[in-house]
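Chemist: Now for the letters of each chain:
2 protein chains.
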Amino acid sequence: MNEVFANQTLAEDGYGKGKSMINKLVDKIKKTGAPIVVGLDPMLDYVPEQIKAAAFSEFGETPAGAAEAIWQYNKAIVDATYDLIPAVKPQIAMYEQFGVEGVKTFQKTVDYCHEKDLVVIGDVKRGDIGSTSAAYATGHLGKVQIGSKVYAGFDEDFATVNPYLGTDGIKPFVDVCKEQKKGIFILVKTSNPSSGEFQDRIINGKPLYEHVGEKVAEWGADCMGDAYSYVGAVVGATYPEQGKLLRKVMPKSFILVPGYGAQGGKGADLVHFFNEDGLGAIVNSSRGIIAAYKQDVYKEKGITPENFADASRLAVQDMIADIAGALASR
Amino acid sequence: MNEVFANQTLAEDGYGKGKSMINKLVDKIKKTGAPIVVGLDPMLDYVPEQIKAAAFSEFGETPAGAAEAIWQYNKAIVDATYDLIPAVKPQIAMYEQFGVEGVKTFQKTVDYCHEKDLVVIGDVKRGDIGSTSAAYATGHLGKVQIGSKVYAGFDEDFATVNPYLGTDGIKPFVDVCKEQKKGIFILVKTSNPSSGEFQDRIINGKPLYEHVGEKVAEWGADCMGDAYSYVGAVVGATYPEQGKLLRKVMPKSFILVPGYGAQGGKGADLVHFFNEDGLGAIVNSSRGIIAAYKQDVYKEKGITPENFADASRLAVQDMIADIAGALASR
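Protein sequences appear in the order of chains L and G.
Counting from 1, one number per residue, gives the positions in the first sequence under the numbering used here.
Counting from 1, one number per residue, gives the positions in the second sequence under the numbering used here.
Possibly wrong hints are sitting among the right ones.
If chains are identical, the list can't say which one is meant, so a pair holds when it fits in one copy or spans any two.
[To be verified] Think about it this way: if two alpha-carbon atoms lie no more than 30 Å apart in a straight line, the pair counts; the simulated DSSO-like pairs of lysine-lysine are:
id, residue 1, residue 2
1, Lys149, Lys31
2, Lys206, Lys244
3, Lys301, Lys19
4, Lys171, Lys266
5, Lys206, Lys248
6, Lys244, Lys266
7, Lys171, Lys206
Treat the hints as calculated values from the structure; they're not laboratory data.
Required output: the full structure, derived from the provided sequences and hints.
Modeler: Right under this line is the structure:
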């Protein structure tokens, strides 16, 4: 948490100040040719033994030790992939598991990814009534006044938000995004098997997720970057037909697409999440990249737990090729 | 975050071990005659100047200073009210505003309330896909394995959970609750003005909140304490008619009722949230209690910013009387 002056941003490139973060995301996708985001969702089980051993020998088998292991693991993966990708998506649940120490590593990870000029999507899925959503928005995207000074909070560039509470749960996030030139992705149709339980229920002839998608388009209409709104949506790769529909319902919204890889989504499933310009979607893979070293396909290429981060780099390259191939052949 | 042994709990009274936390909540409500919970949702604006001045003089106008001010404020309010009430509900958004330092104060507040034998409802409104919900459940209610050791996470007794992702977002919380004898409150009908935007939409002749309420009853059916399930619901005081309906839909679920006081709910609005036994609901007030010292009614009774915590005690007593009166005259 760093002190900032009223209109200062921590970024030095103008993004998040004059230039909206959604433009930075689009520019970086174009530059890398990679409409992908690496999900930094570390489970302690994923972390190679040598990293855990070093961390535990320094801090013991403690939350501080676990947090250190995860930090070293994240750092190695970021170092091995940052030049290939536009963005990362740390999932805060994986850090909250370890209490305050875990949250410190979340902050360290966000800050380090900013040093590497990555766009950081905080996967926090917050959402509450108005004044409380305002506090979450301040904490994750905004700035807080303390006496005569102003500090940035966790300072992600984007956050994921839950829509169940309606407009007055979303608006405080939108207000902070307008002020800070940041953005949100609102849950519309999630990637999990039971997402349909409520999201698919029919209201006036249309599923709930379509109503939510319409609201996303409405909330985002006056939140435009150059070509896309900074009010985006989350739609799971596991639901390609719904993605196709929602692409049309929210033409100006960027879609964050989880569920690729470990959850079952493939490049060919994803083509309809994109617009004709090849933009409009960013696909997340977490386990498939950060724990790639455990997959036989990479072991056969000489990967061991010692060079695990090289597997993450290979997995990123494979994912980029898979999606590019699918988009080229549509 | 404290180390614990596999089946050990931090509580020494058997609750959370053999005895379910829902039983502790019910027992404490009976003992205090107070079906209320104090919402520890501190905004820096609520904290009296002398507390802020002391904290800032020690730590500067920094996140650590803000966190210290909030901690001292919380502690004074807890000290002034803990013998009158069964439970507190810290709203984690208010702490996340101040980043890692704020989260430390959240943890300190949870721990201190446990020392005072209060039931702690973590108002965290988490919810994600299966494996991620499992991480949240571990972090807030469960225990995490680090090498050969086991640690409790933030260690609240209950957490609030968002249902938008369906059963596989909820089940990991239920699993941890079964194991730890803890509980959750699932958002059903929230207290905010726009809660109806999605929650009131009609599906097969019934509003979405009723479908969610039915699921809460189903999820909670095999999660019984002595008289009530430890899978509860959140229904706003601002919607008394919906509360009346949902009371019948979920007869065994405890209802956590926000929206009393500052949001407009009154005792008379609340009677139908309770069962005939006078139990089944617990009503939250946040600002109305923690910032009571700012109200004219308490200023007229000699309250100043210096004795702000006395106002909180008076406000708790007034709230207990308001609800008891409403229940007696129904």
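Chemist: The structure should be examined with respect to each hint, and the outcome stated for every one.
Modeler: So, going through the hints one by one against the coordinates:
1. Lys149 <-> Lys31: neither (37 Å within a copy, 46 Å between copies)
2. Lys206 <-> Lys244: both (15 Å within a copy, 29 Å between copies)
3. Lys301 <-> Lys19: This pair counts as neither: shortest intra-copy Cα distance 42 Å, inter-copy 53 Å.
4. Lys171 <-> Lys266: between (34 Å within a copy, 27 Å between copies)
5. Lys206 <-> Lys248: Answer is both; intra-copy 14 Å and inter-copy 29 Å each pass.
6. Lys244 <-> Lys266: For Lys244 and Lys266, the Cα distance is within 30 Å only inside one copy (15 Å; across copies 47 Å).
7. Lys171 <-> Lys206: both (24 Å within a copy, 27 Å between copies)
Comparing the model with each numbered hint stated earlier shows that hints 1, 3 do not hold.
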